[in-house]
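K.L.:
At position 116 of the sequence shown the residue is numbered 116 (this note's numbering), and the sequence of numbers has no breaks.
If you are wondering where the hints come from, they were derived from the structure by calculation, not from laboratory data. Here a beta-carbon is modelled for each residue, glycine too, at the ideal position from N, C-alpha and C. Mixed in with the good hints, there may be bad ones.
Unchecked claim - No farther apart than 25 angstroms at their CA atoms in a straight line, the calculated lysine-lysine pairs in the DSS-like style are these:
1) K232 with K276
2) K97 with K83
3) K149 with K83
What the hints assert, rightly or not - Simulated restraints, written as ranges between beta carbons of each label pair:
4) A167 with G282: 39 to 47 angstroms
5) L12 with Q231: 49 to 57 angstroms
6) K97 with T65: 18 to 26 angstroms
7) C258 with E93: 33 to 41 angstroms
8) L263 with R190: 28 to 36 angstroms
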Amino acid sequence: MTGNEQQEEFLLGVEQSVTGRAWVRRPAEYRIIQAIAQQHDLPEIVARVVAGRGIDLEHAATFLTPTLREALPNPSRFKDMDKACARVAEAIEQGQKIAVFGDYDVDGATSSALLKRFFAALSQELIIYIPDRIKEGYGPSAKALLELKSRGVDLVITVDCGIVSFAPLQAAQEAGLDVIVIDHHQAEPRLPDAVAVVNPNRIDEDEGYGQLAAVGVTFIFAVGINRLLRQKNWYADQNMDPPDLMKLLDLVALGTICDVVPLVGVNRALVAQGLKVMANRGNAGI
Numbered sequence: 001m002t003g004n005e006q007q008e009e010f011l012l013g014v015e016q017s018v019t020g021r022a023w024v025r026r027p028a029e030y031r032i033i034q035a036i037a038q039q040h041d042l043p044e045i046v047a048r049v050v051a052g053r054g055i056d057l058e059h060a061a062t063f064l065t066p067t068l069r070e071a072l073p074n075p076s077r078f079k080d081m082d083k084a085c086a087r088v089a090e091a092i093e094q095g096q097k098i099a100v101f102g103d104y105d106v107d108g109a110t111s112s113a114l115l116k117r118f119f120a121a122l123s124q125e126l127i128i129y130i131p132d133r134i135k136e137g138y139g140p141s142a143k144a145l146l147e148l149k150s151r152g153v154d155l156v157i158t159v160d161c162g163i164v165s166f167a168p169l170q171a172a173q174e175a176g177l178d179v180i181v182i183d184h185h186q187a188e189p190r191l192p193d194a195v196a197v198v199n200p201n202r203i204d205e206d207e208g209y210g211q212l213a214a215v216g217v218t219f220i221f222a223v224g225i226n227r228l229l230r231q232k233n234w235y236a237d238q239n240m241d242p243p244d245l246m247k248l249l250d251l252v253a254l255g256t257i258c259d260v261v262p263l264v265g266v267n268r269a270l271v272a273q274g275l276k277v278m279a280n281r282g283n284a285g286i
């Protein structure tokens with residue numbers, strides 16, 4: 001290899017970093033790099049990065065300018081999603097008390113905040129319970145769920161947790177407390193006792209959305225609830241306009257980025273649109 005060829009292999013001509021490591025370009029076919037650069041009017045270095053990530057010309061447009069119209073899945077594609085939405089709609093119609101049990105990390109916090117804002121737009125009260133990381137640990141405990149039951153809660157929605165909380169959810173079921181699990185962590189063959197378990201990483205899920213963060217699953221859950229309430233003419237009966245769910249995407253972007261999930265597919269579309277919402281600075285908490 002000549003000196004010029006060796007120089008070409010280094011990214012931006014940097015032969016060695018401060019720590020002594022070479023910055024080497026990912027391999028990519030030059031014809032694909034050229035095609036992406038020409039079709040999308042990109043500098044060659046940007047087209048090279050895109051191609052180096054395995055994106056071909058056919059998929060470059062959706063990678064560079066992702067849209068929810070194309071990427072967001074129908075909520076009904078997720079197992080138990082329709083059951084989960086139906087139970088929430090029933091609780092709203094009957095005036096039942098609903099609580100959210102969220103994880104204490106950013107993904108869990110944004111999932112909880114998303115549902116809080118969504119329910120507030122419906123003029124519905126929602127109790128938020130975030131466990132103490134030190135005193136209570138991760139996930140719902142029987143003590144916490146039964147405490148919510150004692151406060152008159154009829155339905156608990158766990159977000160970013162609950163998929164392996166077998167004993168606590170069994171205790172909740174025995175106490176007459178309904179639970180919906182919204183999670184994304186890897187499931188076991190056995191599922192917890194719940195009205196519905198929505199998780200793209202269930203063993204029996206095969207739709208290909210396992211890279212979603214919990215806040216992404218929660219957003220799709222809100223889309224499903226909103227759709228069902230429209231179908232039931234609930235908004236018309238309440239003399240209320242349906243909420244603009246796009247305003248919740250700043251929370252989705254924050255949770256998705258902080259959970260360090262791959263920014264591909266629907267995740268990429270959620271983050272791209274969410275950052276635009278965030279730029280409007282409509283959420284004082286962000």
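K.L.:
Now, for every hint given, state plainly whether the structure supports it.
P.N.:
How the hints compare with the structure:
1. For a cut-off of 25 angstroms, the pair hint linking K232 to K276 is broken: about 32 angstroms separates their Cα positions.
2. Under the criterion of a C-alpha separation no larger than 25 angstroms, the hint pairing K97 with K83 is consistent with the structure, at around 18 angstroms.
3. The suggested pairing of K149 with K83 holds, with an alpha-carbon distance near 21 angstroms, which does not exceed 25 angstroms.
4. The hinted range of 39 to 47 angstroms is satisfied by A167 and G282, whose Cβ atoms lie roughly 41 angstroms apart.
5. Our hint of 49 to 57 angstroms for L12 and Q231 holds, since their Cβ atoms are close to 54 angstroms apart.
6. Remark: the range hint 18 to 26 angstroms for K97 to T65 is contradicted by a beta-carbon distance near 43 angstroms.
7. A hinted range of 33 to 41 angstroms holds for the C-beta pair C258 and E93, which are about 35 angstroms apart.
8. Checked against the given bound of 28 to 36 angstroms, the beta carbons of L263 and R190, roughly 32 angstroms apart, stay inside it.
The earlier numbered hints that this structure contradicts are 1 and 6.
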